[in-house]
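Top to bottom, those sequences are chains Y and Z.
FYI, the numbering for the first sequence is 2 to 96, going by this note's numbering.
FYI, the numbering for the second sequence is 16 to 506, going by this note's numbering.
It should be emphasised that the hints constitute simulated quantities derived from the structure, not laboratory data.
Ideal placement from N, C-alpha and C gives every residue a C-beta, glycine not left out.
Hints may be right or wrong, so weigh each one.
[Stated by the list, open to error] Restraint ranges, calculated between C-beta atoms of paired labels, are given here:
(1) Z:G272 to Y:H27: 45 to 55 Å
(2) Y:F89 to Z:Y388: 25 to 35 Å
(3) Y:S55 to Z:G358: 32 to 42 Å
(4) Z:K76 to Y:V50: 48 to 58 Å
(5) Y:K63 to Z:K405: 27 to 37 Å
(6) Y:D5 to Z:R287: 34 to 44 Å
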Amino acid sequence: MSVDAATVRRIAHLARIAVTEAEVPHLQGELNAMLAFVEQLSEVNVDGVEPMTSVTPMEMKKRADVVTDGEIVDAVVRNAPDTVNHFFLVPKVVE
Amino acid sequence: MTDLTSMTIAEARAGLASKSFTSLELTDAHLSAIEAARALNAYILETPDQARAMARAVDAKIAKGEGGPLAGIPLGIKDLFATKDVRTTACSKILGNFVPPYESTVTSQLWRDGAVMLGKLNNDEFAMGSSNETSCFGPVVNPWRREGSNTSLVPGGSSGGSASAVAAQLCMGATATDTGGSIRQPAAFTATVGVKPTYGRCSRWGIVAFASSLDQAGPIARTNRDAAILMRSMAGHDPKDTTSADRAVPDYEAAIGKSVKGMKIGIPKEYRLDGMPAEIEKLWSEGAAWLKSAGAELVEVSLPHTKYALPAYYIVAPAEASSNLARYDGVRYGLRVPGRSIGEMYENTRAEGFGAEVRRRVMIGTYVLSAGYYDAYYLRAQKVRTLIKKDFEDCFAKGISAILTPATPSAAFGVGEKGGADPVEMYLNDIFTVTVNMAGLPGIAVPAGKDAQGLPLGLQLIGRPFDEETLFSLGEVIEQAAGRFTPERWW
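Please construct the entire structure, taking both the sequences and the accompanying hints into account.
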C-alpha cells in the first residue's frame, strides 16, 4: 500500500502536526519507503495466531485504592507555558 | 595516583573502600575529563555542583561505614531519565526546559545506593534513531576513529551519549534505554558492554516513554562486571510501573567468572545475512570458538521469523510512539507555539517541537492505527510478534541457554553517512537487536574485536527471560578471550 498527498495531509492532521504544502512530497516519499519496507509482513501466514498483548506472561497488579500523592499543585503546573491561578491556560475553546 | 577515570567501577569501589582516594577526587577527575571532551558532545547538561555535593555527602557516609553498593561512583544519566530539579528533555525541542519535580525509579535507586550524578547524556530525540544524529543538541561523536583518519563517526544510538561517555572515560558507567537496540548497538560501536534487561526487570517509571511494550532501561559500562554491578541497583520491582516484575533481584556480579561448561549456545542460521561483511562473520565464529573452549556446546538453531522482526517493529514502535507522544501539546509543559485556535496551537507546537525523525514516526504510527488500516498493519504486526516470540520459546524449550549473534551488521559509520535519502537504511542497523525487544528477552552486547579499519565490533548474547546472569557469565568469557578495547585520546 502507498499513500497519496491527500492522505499525507490527513495523517498529519490526525497526528496534529502542521505540515506545509512544500513538505508534503518529501513526507510522502518517506512514508511510502516505510510502508514498502513493512509490506513484507503480508507474506507471513498469521492464520489462527493470537496478536500479542503482553510480552511477558504476568498478571497486571492492581494498586490499592488509597491516596498516595497530592497537594502538589505548584509542582504540577511549574513547567506549564501559561497558567492562571493554578489553571493551565489555553486559547479559547468554547465561544 | 593512577588515572582515576580509567578505572573500572569494581576497581574504584575497592579504592574508595581502602580510602586510596575519595569520591570527591574521583568525581573531580571525571568533571575535568568531561570539560576536556566537549568536542564529543556526549553531555548535554553538566551538573558539577550537584556532583560535588553528592560526592561530599557520600564520602561522609563512607567514612561512617554506611556507603551503599555504588557508594561514590560517578555516573552519567541518559536524558530520557527524569531527574528531579535537573532539566530533562529527551533531547527534544518540545520538552524545552522541562525540569521534572520527580525522579525516575531507576535513577533514584542508583542514588539510594550511593552513586554520584555527573550530568545528563545526549541521545537521539525521544530515543528514535540509531546514530544519535536526531538529537536537538546535535550529534554525539564516537571517541573511536578509523585508523589514520580524523572523520567523525557516530557512536550509534539512541544511547549514543551514554556509550560515547563510557568509552571516553567521562563517567564510570551510564544509564541507557533500549527499544530496538538503543543500548546494544551503541555499545558495539564503542567497545563498551551494554545490557538490555528482560522486559519488566527495570521500572519504566519516570523514563520518557517511546514504545511502552518495548522500552527497557539498562546499563552501559566498560566491563561485564561493571555492568552487573550497575544492573543490581537498577533492577527491581516498582509498584508505580504495573509492567515491572515482582521478583527478587539476584546478585548479578556473582555470575561473573561462573563456569559456562555444558551450556548449550544457539547459533541462529537466519542471522547469517547475504552480503554480511566477512569481518562480522569471522568475529561471530571467533566468539563461538571462545565459548566452546570454555566448555559450552554450540548448536545450530532456527528462528524462522527473524527477517520479519524489523518490519513488525516499524509498525508496533511508531504506533505506540504516536500514542505516547500525544501528550506533547504545548499545554502542560514544554514548548508552546501559539495558534489562532487550540487545534492550531497543537499543530504548530508539534510541527516546531518535533524533529524530522520523530514527526515521521508519529505520522506512520498514526496511519497504521487509523480506521481501515489497523487490521492490515497493527494487528498483523502484533500477530507476527507472537510468532517471533514463539521462535525463541521453541529454541529455549530445546535446552538452549543463550543465543550468540553479531550485535550489528557493521562497525560505526560516519556522521551524515546514512539514512539521508531512505530512512530504512538507518533502521537496518538494528536488524540483529530488534528481535530481542519484540520478544521481551534480555540481551547483552560485548566488545569482541576490531575491523580492518581499527573500529570495534561487538557480539550479542540473547538469554531466557530473567536470566541475565547467564549472559553475564558468557559475556565474561568473551571479555577474557577478546580483551578490552580503549580508544586513543584525540579530543
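Each hint, compared with the structure:
{"no.": "1", "hint": "Z:G272 to Y:H27: 45 to 55 Å", "in the structure": "holds (54 Å)"}
{"no.": "2", "hint": "Y:F89 to Z:Y388: 25 to 35 Å", "in the structure": "holds (33 Å)"}
{"no.": "3", "hint": "Y:S55 to Z:G358: 32 to 42 Å", "in the structure": "holds (35 Å)"}
{"no.": "4", "hint": "Z:K76 to Y:V50: 48 to 58 Å", "in the structure": "holds (54 Å)"}
{"no.": "5", "hint": "Y:K63 to Z:K405: 27 to 37 Å", "in the structure": "holds (29 Å)"}
{"no.": "6", "hint": "Y:D5 to Z:R287: 34 to 44 Å", "in the structure": "holds (39 Å)"}
Violated hints are absent here; each numbered hint is respected by the structure.
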